[in-house]
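Visitor: Let chain A serve as the given structure and place chain B on it in line with the hints.
Number of protein chains: 2
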Amino acid sequence: MSDRPLAAVVGVGTELVTGLRTDTNTAEIAAALLGAGFRVAEMVRVADDATLISATLRRLTGACSLVVVTGGLGPTHDDITREAAADALGVSMSRDPETERRLQTFTSRHRDPDARRQLFTQADVLEGATVVVPTLGTAPGQTVPTPMGHLVLLPGPPAEMRPMLATLLATLLATSSQAVAPARLRCTGLTESDAQMRVQRALESHPGVELTILASPADIEIVIFDDGAGEAGVAGAADAALEALGEDCYSRDGSTLAQVVVRRAHEVGLRLAVAESCTGGRVAAALTDIPGSSAVFTGGIVAYSDTVKTSTLGVAEETLAAYGAVSSQTAAEMAQGVADSLQADIAVSITGIAGPGGGTADKPVGTVWFGLAREDRVRTWQRSLFGDREGVRIRATVEALDAMRREMQGS
Amino acid sequence: MSDRPLAAVVGVGTELVTGLRTDTNTAEIAAALLGAGFRVAEMVRVADDATLISATLRRLTGACSLVVVTGGLGPTHDDITREAAADALGVSMSRDPETERRLQTFTSRHRDPDARRQLFTQADVLEGATVVVPTLGTAPGQTVPTPMGHLVLLPGPPAEMRPMLATLLATLLATSSQAVAPARLRCTGLTESDAQMRVQRALESHPGVELTILASPADIEIVIFDDGAGEAGVAGAADAALEALGEDCYSRDGSTLAQVVVRRAHEVGLRLAVAESCTGGRVAAALTDIPGSSAVFTGGIVAYSDTVKTSTLGVAEETLAAYGAVSSQTAAEMAQGVADSLQADIAVSITGIAGPGGGTADKPVGTVWFGLAREDRVRTWQRSLFGDREGVRIRATVEALDAMRREMQGS
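Protein sequences, first through last, are from chains A and B.
Count along the first sequence starting at 1, add 10, and that's the number in our numbering.
Count along the second sequence starting at 1, add 10, and that's the number in our numbering.
In case anyone wonders, no lab produced these hints; they're calculated from the structure.
One thing to keep in mind: the hints can contain errors.
Some but not every residue of chain B turned toward chain A, in silico, with C-beta under 8 Å [said to hold, decoys possible]:
1) V27
2) A37
3) A40
4) V54
5) M207
Just so you know, these numbers come straight off a predicted model, no measurement behind them.
Quick reminder that beta carbons are idealized off the backbone N, C-alpha and C, glycines included.
If we strip away everything but chain A, and leave its shape as in the complex, we get (with noise of 0.2 Å):
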């Protein structure tokens, strides 16, 4: 065991501990607690239960110096994380004024008077507890002072959560931290067990390192975790990881496909454009998230059937008839289409079969063709691609991100 101080991650809310909601709150939390120098031990998923809540938070603040809860802090009768933190503490709560004038502006927004009523709950703040204002929604965070340390009260949405939590790292951790980041270097084109095999090799001349290797139909990562090392220790494990992996390794700094691709276009001046077909608009989406893609990414055309693919794109209704809608012929007639109706300088195409349905004992599902135009040259490629319809997809949009990253890399 290491002396890494305790922490716990809890997540309130009835919808968690039903298997209904996706929970992505707590594991987010987890990792910046873990990427902050503290270990957690527990991770717990807890019912809308007021007598539970309040044993959890009792149990856990007594065993860890940081606990911190996500959910039940809104304005229904379901809210209950409040009350329940202030019995496991012992603690009195009275009502924040400052909080109460700011949720004023938002009465309008309801028209029940008894909903009303519930909004300034959400005002009722624990004894001691440090205000955290929201950037977002109403519901502020608290960070309560336990005898342990500290328990922290984050709201359930992820969009309000997440800016509270980057400021509660940011505050909580200024005085108690010599945590070293983990290094974590994300690659494609490489099989999980080539990247630990290359990633392993690499790591022998580097001792008081982890490696954890995390692989998931977008891409593998690779975490390379402070085991005495430090941080220069840490840097020096990194370096001789990306060595070994090279072109494969696109981001160390925990940046996307997508954000590396539209960083690059913006430091070599292309413009990018996209005609999607079995993809259906997902590499458009997955540029278009990250903000300031409009200055490189000129657009796309989600050309799902083959009118639009002569009309839009000007596929030629022989190319379609003779070689079909996946073929190399047709990926390179859309990527230049789309190049050309769209102005770009780097355009890629893809179509292929998603599944579960149109595949042929030819053209199997997972049969995908991509295009690439670049100034007057097309080049296609072909590849067949494993799992189900949202499998094919999620790596077909991989590797049309991944050829614009490779193309720019000489650019």
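Guide: Frame of chain A, contents of chain B only:
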């Protein structure tokens, strides 16, 4: 509180509490237990720490009639769930000869003598336990009687866990189950508190059910659980809730909004298209996520730059100059333009400011104009959407899909 038997789910593994690995097991098990009539009060993820696992299992088996644990049953030194469970229940372990025999066939995989020895720890069975033979992998599951009911140990890899969970539920519940599946109503176009008020009032004359409201940027979901009313009671309550929600409820069978839009378009024989600016391909991606969408979705144009709005969608340069890209006039011309060029019966356009940049005093971040073209008529409307870039994009996507749904309602 209801009289449903209490259950808890435990995920064991240090990788689960780092937040780096997505845990789908515990949610999957919770959903299965819910469907089988249990009330899951608590879900816990713990690190590979014998003391902590043992304390957790002691606490939960003392409170719940069913505790399901996943993970930590493999052959490595990290796999300590068996020992911790024996310690928690105060029972001994013995080697199961049947399992030992089965494991003999796997010894050839392990060259290392220590690894071979470890392999057989998987045959250690708790006193009184029933062994669940794996269909995949080497680790057997175990069902152990406890004073309050049962403790069930399942392996961590989802492909190994899943068939055992199914067997477990079939056998364990054959005796006790009179489970009623919850009713799930999904809605758009109203706030969480409004939904709660409307449904709560409607359910006043329907005792024996329990209500949960799940709100996300994408929708509001109303879940009605059985709490004594039985199957007919839940169905009656769902009917009452549906009447209170009216057209704001788009599904009562768990279908997503995009599924409802695609199904409805099939039924009424209409072809859809979309012209997207700030949603950047998300509406197209949501529709094409649905198998069979190719028959009703002709395609989409992601017009991120003004050039594309004029060249591909036929928006007049004068319109952009006079009113700007985020305006009723541009939304109207985008919708009409995409309907014409992609030959659709119903076309929706989205143009707005998703942020974080680009907002003005006149048109702040979150300002989004929508257009809907059908035959030769176009109508437009504006929404001030709440949230960060991601939130605005999700809400704008839902608004566009919902406009298609409501438009086809009367068709």
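Visitor: Of the hints stated earlier, which fail here?
Guide: none
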